[in-house]
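Colleague: Okay, here's what each chain looks like letter by letter:
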Amino acid sequence: MRGTVGPGGPEDRCARAFREELPVRAMVYRGPYRVRAEEKERPRIEHPNDAIVRVTLAAICGSDLHLYHGAIPDTRPGTTFGHEFIGVVDEVGSSVQNLRVGDRVMVPFNIFCGSCFYCARGLQSNCHNVNANATAVGGIYGYSHTAGGYDGGQAEYVRVPFADVGPTVIPEWMHEEDAVVLTDAAATGYFGAQLADVVEGDVVVVLGAGPVGLLAAQSAWLMGAGRVIVVDQLPERLEKARTMAHAETVDFTEHDDVVVLLKEMTGYLGADAVIDAVGAEADGNFLQHVAGAKLKLQGGSPIALNWAIDAVRKGGTISVMGAYGPVPSAVKFGDAMNKGLTLRMNQTPVKRQWPRMFEHVRNGHLTPREVVTHRIPLEHIAEGYHIFSSKLDGCIKPLVVPGAS
Amino acid sequence: MSEPQDPRGPADRGPVDLHLADLDPDDPAYTYTADKPPLPETPEQLRARIPGWGVDLDPADRPSFPRERFDPGLNGAHWRFPERQVQHHPRERSIEHAFVTPVFGTSTPPSGLSGAVRRHAYRYSEGRNAHWLLLVAADRVGALEAALASFASRHPDDPVSETGVLSEPGHHPLRSRRGRSDVRHQVLDPVLVAAPWVAGGVLGYRVVRSAVRGVARSRAR
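Sequence lines, in order, name chains A and B. The first sequence runs 1 to 405 under this note's numbering. The second sequence runs 1001 to 1221 under this note's numbering.
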């Protein structure tokens, strides 16, 4: 019936046009260690294959802390972080065919075109068509201009480029917390275990019991690991590694030299594979940490990477999931060469992981939402970052809830 | 009659054929032989204990195996090269790209002094430290510019609440940090956060003081 109020009707379009002029609430970076929630211009359709997604749930990733601490070059005040989010499609561009307004979607942290040299080979995380600022990394939501200069999803609304290739409608059976953790952390843990080239009976050491490390440990079992040993220093995370990931655990603060301990545990041979799920802000060596993570004199603190090189057996494999900055770091590359190691690494091509991961989640083999510990209203984003960064209250994975009080 | 020979070498036999019970656990010499060290549990025990153990044993079941697999229809793109996004501002780009990519981020275009430093940084390739170090310098200048600009707005920066440090009292600050190795350098965080504000305050005070003295001197003459 013409003229009635309804989707697409004149009043609906009028209301939408009015709403599109209103500012939205978003997390905003103000400088190192400082963020706040403030009003920003509502994101717009910039390209015919864009969508605008109303965010219903986001997460703070450990790698967001590298931005928060001012460690990633070209992180501009005013930027909104957040590359882990789910939401509802609010608007679509003229060429979008696969999504409709109202769809509940989960969005991979990678922005990718789906058609370039890399995307056509399954390396969506290395897409060549979305990051004008750098060839050293693909496009990532809310991850500095070094990753393309896109605002992220710790906000009420977010622009999602290439809506026909990135987002996926959330399956009816999937829990919203599983969905949001699958957009990065869970997929990265699963990918990390794949890069470790696990064969039946392998001894796998996972450095770091954050969300990525916990999911990597779970995933290593699926690939037939014979032992999984998780190393961290936080009791609540090590407990989670034992209960959620069924792993042996090592608190590195209880040992004078964790590398020697790992050698002892593996009969002085070393692990078949080591997964670095820590990255640029690793602890365990005061000078390395201060030089890399505090003073930014190198592209991160490579303690975990150096432990991995020492603790893996000769001929073994190191899988690097931890994020590092683009300037050089003091990595023991000579030892890696002399030991004949295979170093495998990449940002995770998330969407490639999902079909198989969905099966694992549905069957209970992977349990992403077990890592979630906190839900933070967007308006309390500064507190959320501080609690996560300082690891207060056993914080492992904080979610960000737009519109909550 | 002799035992039939296992055609595989001992190193290939895997964990099933070796048991810790057969070895002296205090003698690591076994790892200096050709054998793979024994495992504490058999595959059957692991399968019973770990949900989904071994379901991805076959690499063909792993989504990222092999690393590259050519399939131009993989992602559902209905273009060979994407339509180009309109540039509303001159867009900085890496000189390792032939052109500005067809789609790009539109957050926070460069502006002010930090913007000038950023534009200069993009003259260098990503292979040059100058590129990255200039960008880090621009980030620090940008933070200062943003703070100064905020004082002329309705929402001035609040260096205390924006750090989230006010959340400490309700979240077990002592118990959460007990025994952690990072406590040794966490004391640097307040210094790193406060130093630019203190330095800015001292600098501002000196500028104002010298201006006041200059005015006073000119009046005295």
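Because the hints were derived from the structure by calculation, they are not lab data. Even for Gly, the Cβ is constructed at its ideal location relative to N, Cα and C. Some clues are possibly wrong.
Said to hold, decoys possible - Not everything, but these chain B residues come out facing chain A in the computed CB check (under 7 Å):
| no. | residue |
| --- | --- |
| 1 | Asp-1027 |
| 2 | Ala-1077 |
| 3 | Val-1160 |
Claimed, not checked - Chain B is faced by these chain A residues, among others (derived, beta-carbon under 7 Å):
| no. | residue |
| --- | --- |
| 4 | Arg-34 |
| 5 | Arg-76 |
| 6 | Thr-79 |
| 7 | Arg-100 |
| 8 | Gly-102 |
| 9 | Asp-103 |
| 10 | Ala-134 |
| 11 | Tyr-150 |
| 12 | Asp-151 |
| 13 | Gln-233 |
| 14 | Asn-285 |
| 15 | Gln-288 |
| 16 | Ala-291 |
| 17 | Ser-329 |
Claimed, not checked - Pairs of lysine to any residue, SDA-like flavour, derived with a Cα cap of 25 Å:
| no. | chain 1 | residue 1 | chain 2 | residue 2 |
| --- | --- | --- | --- | --- |
| 18 | A | Lys-294 | B | Pro-1043 |
| 19 | A | Lys-263 | B | Pro-1043 |
| 20 | A | Lys-40 | A | Asn-98 |
| 21 | A | Lys-391 | B | Gly-1127 |
| 22 | A | Lys-294 | B | Glu-1145 |
| 23 | A | Lys-294 | B | Arg-1217 |
| 24 | A | Lys-40 | B | Gly-1112 |
| 25 | A | Lys-40 | B | Arg-1154 |
| 26 | A | Lys-391 | B | Ala-1199 |
| 27 | A | Lys-40 | B | Leu-1188 |
| 28 | A | Lys-391 | B | Ala-1195 |
| 29 | A | Lys-294 | B | Glu-1126 |
| 30 | A | Lys-339 | B | Arg-1154 |
| 31 | A | Lys-294 | B | Arg-1049 |
| 32 | A | Lys-263 | B | Ser-1181 |
| 33 | A | Lys-294 | B | Arg-1154 |
| 34 | A | Lys-332 | B | Gly-1127 |
| 35 | A | Lys-339 | B | Asp-1035 |
| 36 | A | Lys-294 | B | Ala-1029 |
| 37 | A | Lys-339 | A | Thr-243 |
| 38 | A | Lys-391 | A | Met-265 |
| 39 | A | Lys-294 | A | Ile-396 |
| 40 | A | Lys-332 | B | Gly-1073 |
Colleague: All hints are to be evaluated individually against the structure, with a verdict given for each.
Modeller: Do the hints match the structure? See the list:
no. : hint                     : verdict
1   : Asp-1027                 : 10 Å, violated
2   : Ala-1077                 : 3 Å, holds
3   : Val-1160                 : 10 Å, violated
4   : Arg-34                   : 4 Å, holds
5   : Arg-76                   : 4 Å, holds
6   : Thr-79                   : 5 Å, holds
7   : Arg-100                  : 15 Å, violated
8   : Gly-102                  : 20 Å, violated
9   : Asp-103                  : 15 Å, violated
10  : Ala-134                  : 5 Å, holds
11  : Tyr-150                  : 4 Å, holds
12  : Asp-151                  : 4 Å, holds
13  : Gln-233                  : 6 Å, holds
14  : Asn-285                  : 9 Å, violated
15  : Gln-288                  : 11 Å, violated
16  : Ala-291                  : 11 Å, violated
17  : Ser-329                  : 12 Å, violated
18  : A/Lys-294 <-> B/Pro-1043 : 45 Å, violated
19  : A/Lys-263 <-> B/Pro-1043 : 23 Å, holds
20  : A/Lys-40 <-> A/Asn-98    : 28 Å, violated
21  : A/Lys-391 <-> B/Gly-1127 : 35 Å, violated
22  : A/Lys-294 <-> B/Glu-1145 : 22 Å, holds
23  : A/Lys-294 <-> B/Arg-1217 : 45 Å, violated
24  : A/Lys-40 <-> B/Gly-1112  : 20 Å, holds
25  : A/Lys-40 <-> B/Arg-1154  : 14 Å, holds
26  : A/Lys-391 <-> B/Ala-1199 : 29 Å, violated
27  : A/Lys-40 <-> B/Leu-1188  : 32 Å, violated
28  : A/Lys-391 <-> B/Ala-1195 : 23 Å, holds
29  : A/Lys-294 <-> B/Glu-1126 : 23 Å, holds
30  : A/Lys-339 <-> B/Arg-1154 : 59 Å, violated
31  : A/Lys-294 <-> B/Arg-1049 : 42 Å, violated
32  : A/Lys-263 <-> B/Ser-1181 : 22 Å, holds
33  : A/Lys-294 <-> B/Arg-1154 : 32 Å, violated
34  : A/Lys-332 <-> B/Gly-1127 : 21 Å, holds
35  : A/Lys-339 <-> B/Asp-1035 : 19 Å, holds
36  : A/Lys-294 <-> B/Ala-1029 : 43 Å, violated
37  : A/Lys-339 <-> A/Thr-243  : 34 Å, violated
38  : A/Lys-391 <-> A/Met-265  : 28 Å, violated
39  : A/Lys-294 <-> A/Ile-396  : 21 Å, holds
40  : A/Lys-332 <-> B/Gly-1073 : 41 Å, violated
In this structure, the hints that do not hold are numbers 1, 3, 7, 8, 9, 14, 15, 16, 17, 18, 20, 21, 23, 26, 27, 30, 31, 33, 36, 37, 38 and 40, in rising order.
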